Amino acid sequence: MHELVAYELMSANDASERDPMEWVVEGSDDGGSTWRVLDKQTCQMFTKRFQRKTFEIQSQGVLSNAFRLRFLAVRDKQATSRFQIGSIDLFARSQGNQMMNSLTNEAYEETEEAMRKMDEA
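Mind the numbering: the sequence shown is residues 1 to 121 in this note's numbering, read in order.
Treat the hints as calculated values from the structure; they're not laboratory data.
Do not rely on the hints blindly, as some may be mistaken.
What the hints assert, rightly or not - Below 30 Å or equal to it, Euclidean Cα-Cα: the simulated DSS-like pairs (lysine-lysine) are:
1) Lys77 with Lys40
2) Lys77 with Lys53
3) Lys53 with Lys40
4) Lys77 with Lys48
What the hints assert, rightly or not - So the derived label-pair ranges between C-beta atoms look like this:
5) Val37 with Ser87: 18 to 26 Å
6) Phe71 with Gly31: 36 to 44 Å
7) Ser59 with Glu17: 27 to 35 Å
8) Gln51 with Met1: 12 to 20 Å
9) Asp29 with Asp76: 35 to 43 Å
10) Ala15 with Asp89: 19 to 27 Å
11) Ala15 with Ser94: 13 to 21 Å
12) Thr80 with Glu120: 37 to 45 Å
All figures in this text were calculated on a predicted structure; none of them were measured in a lab.
For glycine and all other residues, C-beta sits at the position ideal for the given N, C-alpha and C.
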């Protein structure tokens, strides 16, 4: 179980009209059967390409074993229905651990390990 304490989004390299403007971050303590809103952002604007924005979670103490981001609107809905983001990083504390860890790195490592096992099969 992890307590999400912050997350960071980075705008992509082009097409600012496809940047996210509204989103919801949710956590689940039952593997994704039910979800609880941890953070909601509206009217967010990236002012340059590859810009990083960090958002702190206000509802501290909520433990989850799964997280999801639901992107609700892009910067210019009239120009495009497409969405883009450069990167998403999640920062959390493990249950009983006061250190903040990057869940993104753990996810990459797990994905790489799974791909390595598939290659070996």
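Here's how the hints hold up against the structure:
1. Lys77 with Lys40: Between Lys77 and Lys40 the Cα gap is close to 19 Å, so the pair holds against 30 Å.
2. Lys77 with Lys53: Holds - the C-alpha atoms of Lys53 and Lys77 are around 21 Å apart, at most 30 Å.
3. Lys53 with Lys40: Since the Cα atoms of Lys53 and Lys40 sit roughly 14 Å apart, the hinted pair holds (cutoff 30 Å).
4. Lys77 with Lys48: At roughly 18 Å apart (the allowed maximum being 30 Å), Lys48 and Lys77 satisfy the hint.
5. Val37 with Ser87: 18 to 26 Å: holds (22 Å)
6. Phe71 with Gly31: 36 to 44 Å: violated (22 Å)
7. Ser59 with Glu17: 27 to 35 Å: holds (31 Å)
8. Gln51 with Met1: 12 to 20 Å: Cβ of Gln51 to Cβ of Met1: about 32 Å, so the range 12 to 20 Å is violated.
9. Asp29 with Asp76: 35 to 43 Å: holds (36 Å)
10. Ala15 with Asp89: 19 to 27 Å: holds (21 Å)
11. Ala15 with Ser94: 13 to 21 Å: For Ala15 and Ser94 the Cβ distance comes to about 37 Å; the hint is violated.
12. Thr80 with Glu120: 37 to 45 Å: Holds - the Cβ-Cβ distance for Thr80 and Glu120, about 41 Å, lies within 37 to 45 Å.
Of the numbered hints listed earlier, those contradicted by the structure are 6, 8 and 11.
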